[in-house]
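*Asks:* As you go down the protein sequences, you meet chains A and B in turn. Going left to right, the first sequence walks through residues 1378 to 1678 as my numbering numbers them. Going left to right, the second sequence walks through residues 55 to 489 as my numbering numbers them.
Treat each hint with caution, since some may be false.
[As the list claims (entries may be wrong)] Chain B is faced by these chain A residues, among others (derived, beta-carbon under 7 Å):
hint, residue
1, Met1378
2, Arg1379
3, Ile1423
4, Asn1442
5, Asp1517
6, Val1544
7, Glu1545
8, Ala1663
9, Ala1664
10, Leu1668
11, Ser1672
12, Leu1673
[To be verified] With the Cβ distance kept under 10 Å, some of the chain A side facing chain B (calculated, not the full set):
hint, residue
13, Thr1381
14, Ser1435
15, Asn1508
16, Tyr1509
17, Tyr1658
18, Glu1659
19, Ser1661
Simulated from the structure, these hints should not be mistaken for laboratory data. Idealized CB from N, CA, C, for every residue including glycine.
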Amino acid sequence: MRITQKMVMKNQTKLLSRNLNNASKSISQISSGKKYTKISDNPVEIAKALSIKAKMGSNEVYDNNIKLAVSENDTAELAILEVNSTLQRIREVLSTTKVAENVDTFEQAAVEIEQLAGNLVDHLNISFADNYLFSGTETDTKPFSIVADGSGNPTIVKAGNDDAIQVEIADGVKIDKNITGTSLFTYDGGTTTLSTTINNIITDLRNDDKSNVSTHINQLNQHESNVLTGLAKIGARTERYENMQDTHTNFTFKLQDRLSEIEDTDIDKAYIEYTSYQMAYEASIAAVSKLNELSLLSILR
Amino acid sequence: MGLNSALYTAITGLNAATYGINTSSNNIANANVKGYSRRSISFSSAGYIDTGVGYIGSGVKVDGVTRVKDVFLDGQIRDEVAKLNSANTQKASLDYVESFLNEPSDSALSSQMSNMLNEFSKLANDPSSGTLKESTLQKVQMFTTSVNYTAKGYKTTLADNNQIEANYVTRAEEIITDLQELNNSIATITSNGSTPNELMDRRDVLIDELSQYAHLEVTINDDESFTISAKTTGADQPLVGGTPVAFNTIKDDLTEGKVKGIQDANTKIQGYLDDFDSFVETLATDMNTIQGNNGGGVMFTFTAGDAAETLTVHSDLIDGTRPINVGNPANPSDGSNAFLFADLRAGNMSNGKNAQDQYNELLVNVGTDISNLDSDITTREAVLNQLEQRKESISGVSIDEETVDLMTFQQAYEANARVMNVVQEMMDTLLGIFR
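Could you build the full structure based on these sequences and the hints that come with them?
*Replies:* Structure follows, in structure tokens:
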């Protein structure tokens, strides 16, 4: 084939720019740390990366949700423990009246239990971040309050609802995070409430009637075990949250791994590539600089 | 036959050598001119004189200076140029689309959308939080802005491309007018018996340029007049020679070239925009339906069929007349409705898809189109490069060759001058006899 100087120059220029282009691609991969900067660099892989990023984003949200739910759970747990110990205290006070003969003692017990009933309501009205924990979805309504009955003895009135509040802990997995007020307030399906039990105790004490003390103590025991069931429920949930959190953490690591595999530059590889492109580029520069000598004119001179 | 005839023979030699030197020097001077084909000078023996003892030549004559060219190769190159230009033009336009989509990046629509839906998930889990409500509304607005921006990007590109197409058509028509004039000039000169090499080079350059705009069929007749027609989806349409049609009237039927490329790009971009519009419309309608549960009103307003550009967050939500519908307003911790928004991430759109994947599909379409064009261009460039190398190999000026030619003609000149010298000496000898 006939070769002209222009052909050689044109070819060399093309090769030069290709080598420089290659070198600049790998240097930008190294300095940006990313393999791809445009969708067309690898559309399918980039779509995967975007899905993974979205997945990691939602995982982060679930993780936050769980953290929030765990804190609420812890608060509810403390409150229920307090409710339980208050019930125990009421039972103890009531027990002392079994053996007491003095009417004053009855009155003192009644006053103390009245006080304790107040404590009970305070604990049941626990709130977390300005939301009452035991009032269903009406978290701005104080769930329990003490109202005097006709004879001035306290009754506890329940407000709010028993709707479940859900927490999303994974894709499509939503679990109830709240303990309903009713489940703490009543046992045996709602016929016996803390309100009636305490109202009966105080009314009987004020009437100097100690015939029902054993029944009352029995009822208090039932309430205690009912409240402890709530505690067990909370414990189980906490465990489930923590399990899920572990899963998310592992999953996020795996996603991160996969994302890095797709997106991130393999620095070692890129550097070796860069070095070889650089060498090729330098060699071609050297070759081009010799081209001028490649002419009959330079010999005839 | 006298000494004088030897003198005349030498003069034809001197002349031929001078023409040769001129041709070479012209080749060297034009070595880097675009479209220049090297000239080759050819000589032949001038007539013979019957001297009675035999025929003796009377020197050399210049037959002509011709362009060294492979016309068939020119045709192949033009075909490839047309194809490469349709691909290149298309790619340049799609590259722009890719640049305003700006994926993958944390500020692009894909992240804005997943941020928004994740914010709904947060809100669902903490529905009574005023800050979260506010930030969710902000994320919705950011998403809306991104959607508007993307739609505007598509539309601006479409409008720009229409302008570019018009420019291409104007340029092609200018070239065609020039070529028609050239055709006349060349015909005039050739009818006088000369070869207008310069005009022919100019013609080839212009045809090459025109081949960027359409797939051409060029016929060059023996008298160097030529016809050019463009390949269309129907019959070939004459542009120069014959009864030419205006380029403007066939611009929508071309098969290759820049005009076709920009039209193809617009077809694709319109496709992306339509897909994007229908995606946005589905998502916005779904979100409106969710917002509307239990009389929550609408979240977005938009014009059907142009959803992406016209998508706006309803003013009631922005000025706080209505809140984002997270659930039963009587129960502040009821996040059931906000969950419905968040579930759009998980395949709960009304078309059964999940929002992220569906948007990613659109992105993959754009990316795949571009990377297909990329490899198409690489192949075509390689083919074109091969052809151009062959063309250069045939028509290009080699300085080495020209240097050798220069030396040859210089020697020829010196030799002929020497002959004159000899003749002169012989004359002197002859004249000396009579002294």
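*Asks:* Output the numbers, in ascending order, of every earlier hint that fails for this structure.
*Replies:* 8, 9, 10, 17, 18, 19
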